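Visitor: These are the residues of each chain, in order.
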Amino acid sequence: MKVLVAVKRVVDYNVKVRVAADHSGVDLTNVKMAMNPFCEIAVEEAVRLKEKGVATEIVAVAVGPKEAQEQIRTALALGADRGILVEAADVQPLGVAKLLKAIVDEEKPELVILGKQAIDGDNNQTGQMLAALTGMGQGTFASEVNVADGSVKVTREIDGGLQTVDLKLPAVVTTDLRLNEPRYASLPNIMKAKKKPLDMKSPGDFGVDVTPLVKTVKVEPPAERQAGIKVADVAELVDKLKNEAKVI
Amino acid sequence: MPLLSRQDLDFCLYEMLDTDSLLHTPRYGDHSRETFNQTLNTAEQVAEKYFAPHNHLADEKEPWFDGEQVHTIPEVKEAFRHYVNSGLLTARLEFDAGGMQLPHVVAAACSGYVTAANASSAAYPFLTMAASNLIHHFASDELKNLYLPLMRSGRAAGTMALTEPDTGSSLADIKTYATPTEQGHYLVKGNKMYISGGDQDITDNIVHLVLAKIKGAPAGVKGISLFLVPKWLVDDNGDPAQRNDVQLAGLLHKMGYRGTTSTVLNFGEQDNCVGYLIGEPHQGLKYMFMMMNEARVGVGLGAAVIGYRGYAESLEYARQRPQGRHPSNKDPASKPIPIIEHADVKRMLLAQKSYTEGAIALCLYANHLIDRIETCADEDQRKPLQELLDLLTPIVKSWPSEFGPKANSLAIQILGGAGYIREYPVEQLYRDNRLNPIHEGTHGIQAMDLLGRKLWQSNGLGLQTLLREIQATLQQAAEFPDLAPYSEQLQEALLLVNATTQSVGEQLQQQGPDIGLANASAFLSLSGHVVVAWLWLWQASAAMKGLKSGTNAEFYRGKLHACRFFFRWELPKIQHWSNLLQSADDTCRTMHNDYF
Ligand SMILES: Cc1cc2nc3c(=O)[nH]c(=O)nc-3n(C[C@H](O)[C@H](O)[C@H](O)COP(=O)(O)OP(=O)(O)OC[C@H]3O[C@@H](n4cnc5c(N)ncnc54)[C@H](O)[C@@H]3O)c2cc1C
Ligand SMILES: Cc1cc2nc3c(=O)[nH]c(=O)nc-3n(C[C@H](O)[C@H](O)[C@H](O)COP(=O)(O)OP(=O)(O)OC[C@H]3O[C@@H](n4cnc5c(N)ncnc54)[C@H](O)[C@@H]3O)c2cc1C
Chain L
0 MKVLVAVKRV VDYNVKVRVA ADHSGVDLTN VKMAMNPFCE IAVEEAVRLK EKGVATEIVA
60 VAVGPKEAQE QIRTALALGA DRGILVEAAD VQPLGVAKLL KAIVDEEKPE LVILGKQAID
120 GDNNQTGQML AALTGMGQGT FASEVNVADG SVKVTREIDG GLQTVDLKLP AVVTTDLRLN
180 EPRYASLPNI MKAKKKPLDM KSPGDFGVDV TPLVKTVKVE PPAERQAGIK VADVAELVDK
240 LKNEAKVI
Chain B
0 MPLLSRQDLD FCLYEMLDTD SLLHTPRYGD HSRETFNQTL NTAEQVAEKY FAPHNHLADE
60 KEPWFDGEQV HTIPEVKEAF RHYVNSGLLT ARLEFDAGGM QLPHVVAAAC SGYVTAANAS
120 SAAYPFLTMA ASNLIHHFAS DELKNLYLPL MRSGRAAGTM ALTEPDTGSS LADIKTYATP
180 TEQGHYLVKG NKMYISGGDQ DITDNIVHLV LAKIKGAPAG VKGISLFLVP KWLVDDNGDP
240 AQRNDVQLAG LLHKMGYRGT TSTVLNFGEQ DNCVGYLIGE PHQGLKYMFM MMNEARVGVG
300 LGAAVIGYRG YAESLEYARQ RPQGRHPSNK DPASKPIPII EHADVKRMLL AQKSYTEGAI
360 ALCLYANHLI DRIETCADED QRKPLQELLD LLTPIVKSWP SEFGPKANSL AIQILGGAGY
420 IREYPVEQLY RDNRLNPIHE GTHGIQAMDL LGRKLWQSNG LGLQTLLREI QATLQQAAEF
480 PDLAPYSEQL QEALLLVNAT TQSVGEQLQQ QGPDIGLANA SAFLSLSGHV VVAWLWLWQA
540 SAAMKGLKSG TNAEFYRGKL HACRFFFRWE LPKIQHWSNL LQSADDTCRT MHNDYF
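Chains as they are written, first to last, in numbering that gives the first Met the number 0: chain L, 0 to 247; chain B, 0 to 595.
The hints are all genuine.
In silico DMTMM-like pairs for lysine to aspartate or glutamate, Cα to Cα no more than 25 Å straight-line:
#1 L:Lys-194 / B:Asp-29
#2 L:Lys-193 / B:Asp-95
#3 L:Lys-217 / L:Asp-11
#4 B:Lys-345 / L:Glu-223
#5 L:Lys-167 / L:Glu-50
#6 L:Lys-194 / B:Asp-19
#7 B:Lys-76 / L:Glu-180
#8 B:Lys-48 / L:Glu-50
#9 L:Lys-51 / L:Glu-143
#10 L:Lys-51 / L:Asp-165
#11 B:Lys-572 / B:Glu-468
#12 L:Lys-65 / L:Glu-106
#13 L:Lys-193 / L:Asp-80
#14 L:Lys-65 / B:Asp-17
#15 L:Lys-193 / L:Glu-50
#16 L:Lys-194 / B:Glu-33
#17 L:Lys-200 / B:Glu-33
#18 B:Lys-547 / B:Asp-7
#19 B:Lys-547 / L:Asp-26
#20 L:Lys-193 / B:Asp-17
#21 B:Lys-48 / L:Glu-69
#22 B:Lys-48 / L:Asp-175
#23 B:Lys-253 / B:Asp-65
#24 L:Lys-195 / B:Asp-19
#25 L:Lys-193 / L:Glu-66
#26 L:Lys-31 / B:Asp-7
#27 L:Lys-65 / B:Asp-9
#28 L:Lys-31 / L:Asp-21
#29 L:Lys-194 / B:Glu-93
#30 L:Lys-15 / B:Asp-7
#31 L:Lys-191 / B:Asp-95
A few chain L positions that, by computed beta-carbon distances, are all more than 12 Å from chain B:
#32 Val-18
#33 Asp-21
#34 Glu-50
#35 Thr-55
#36 Asp-80
#37 Ile-83
#38 Gln-91
#39 Lys-107
#40 Gln-124
No wet-lab data here; the hints were simulated from the structure.
Just so we're clear, the structure is a prediction, and the values are computed from it rather than from any experiment.
Glycine is no exception: its CB is placed at the ideal position from the N, C-alpha and C atoms.
Isolated chain L, as found in the complex:
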């Protein structure tokens, strides 16, 4: 079974980003970049499927700047077999989904695993859009994935509990935090990954137009938190929530 994993280059979770002076976005010059943590979980899941003998080939795909090769190499060091980078900057979720669809059409994987969201835009859209565009079933927010007999059982983290769906393959799965604990790339595997193939593509190769459709009006830092106050009793708390905060 071939598995396609999407990996995104994002700002490292440890970095405290700052809003750019012109409010067009956050300032990313020279900050540390890394693989989106949910994508790490996606790669880990694919590698585990391969270790179990369920998957036979793992293809890691990224849409991003040339430097995103680094994240693909990381995926290769973690256990993916080959990589595809579609070189394009600032592609929005719909554009990414369209590109992934084109690659799915070519590669014909039976399972596509993506992160449920990326920690930069927090969009939570790409997996769902890909499923819609390809007509595949989708199991989002997965905390457990079991592949057997041409289908995949996905346990989903939903409000108030867990839901299990059974999807016919090929299918799309997006990962939640508790699905697995990703490994690190060992040093010998980092060296081995250098020899694994990595194809460079452009959106034009797939005839996909990735012009952004959503315009960012303004990015602002969250308001600074005000100092808290102590209330005397529950009655005062309820009063304040009702009349000052107006949340109940």
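Position chain B with the ligands against the provided structure of chain L, taking the given hints into account.
Guide: For chain B with the ligands alone, coordinates are given in the frame of chain L:
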């Protein structure tokens, strides 16, 4: 909060030291920036996931001995396992030996992450690496084939057993001895003390490298040999077969570094402690020094990164702690400002920044030198670099070991009361770091090594090479008029070094070492400050270049300001040290025991 600043490490690796140039050498040709970055990522992940979380716990719950066995918290073993499995343990080894052939400078940055996360758990793999390198270089094929695979796969850990209850700094006086047997091995007998990792429950076996004198050997250092003494004698598969006569007499209870066991060991209580000679008889100290030189550079780096962690913690705290107002603000109803706005707190932060980033640059430079030595094909070019490394080693060990703890003390000061209580991490950092001026040769011993030996070795070739390196930086700096005052100050400092060196040289020659070496620690301070000032000028030049790129201006301005701090607040101290040295000040030497 990240353990170390990746931006700062990258700056040192690529903007200051030209680490990319290694990629053009045959030894490192298989590497790329990408493999360096990924390796650093792995080191950071291993450090964050498996070392940092139990740093505090290992301090609270130090190893204990139940009379039969030593116990450590299980997290230490887990961390060790990941250090091995990730390939970090063998990163510097050649591909053929199963390593990654990683440049030393990158490997050092990786170690930096792990020490910053948890210095005491890092000690076990670090000792294992150092001991296995020594075996690799000097032991017979038979010993290598049996023990290296065990150590490199993490089945056995290594120790270095030099110190004895009565003998620390003065190794010439060790009493442990070895008697040859007809079977070829030796029987070792004696007591060792302070041996790190001398017993533990982390690995199946322990390989002690023990300094001992063969019976009838010449007196002093020329009679010291080196022995491999396993805790368990092994069968042909390397599995523990029979317990060797090495007994734990007890654990020592320390101020810091508590997660590392510190042991008192009895060798040969039953007259049956099997030891194997490494290399030639009576050459043991020479071999051990090879390991210690490597360890000394490692100690410097450890002191630097523990210092850096305190800086990062206190910086974060200072940004968030509101307290007081500017002296000009007399309005009691106004909001208190974060303490980072007070000039005195900025002083303490700048001092920490200039000490710790200066020390990290120093240690990475030393590793960069090792890379240059290893990739240098021409013997005539290699020799001066080797001499420079030798000259710098006492400084690389001692300067961070002095100023790392100083930085940690300032971090405590910035946190105020919070800094002194155990709920905040800075007091532990200070306690951990306080070891570094003591082990691997005390500060005083390093000072005498520098002034009594290294400075004059090979007719001062090390110092000449250092001056050449500094000239190259001065040339670079000349491009930037803003840096001219620092360049001038550094040139004056070099003249002072020159005059001081000449003066103490004459004292040594004319009045002998008792007088000539009496103020050696002032010479160590002076040379350390000049070397670190040079590295700050180098960083400042790189920062000026970086500023031109138009991005990251704040980072580069921070570098420039730290450079300025070092030149204004620290470097002038050398004049005072030089005065003491040039006048052969005898205040300390002439003090009488009875006057105290
Ligand atoms: C936590 C810890 C871990 C250690 N790990 C190891 C280990 O793994 N293996 C190992 O073999 N050892 C280890 N040691 C021992 C360490 O190397 C010694 O403590 C160190 O070498 C100093 O020796 P000492 O303690 O006997 O002090 P001493 O040699 O008694 O020195 C005491 C003081 O006198 C000064 N002094 C001594 N001689 C001279 C001199 N000739 N001139 C001027 N000043 C002098 C010293 O600078 C020092 O300030 C460890 C020590 C500690 C605390
Ligand atoms: C073991 C211990 C025992 C103690 N016992 C007592 C006790 O019995 N009774 C009691 O009342 N208190 C006690 N204290 C509290 C102690 O007096 C305070 O910790 C101390 O006054 C510092 O205050 P702070 O901890 O709030 O630090 P902060 O006031 O927050 O200071 C933090 C840092 O900011 C600097 N700073 C603050 N304001 C300024 C400014 N305006 N300009 C420049 N720099 C500034 C400080 O110098 C310090 O470096 C104790 C503390 C400890 C640790």
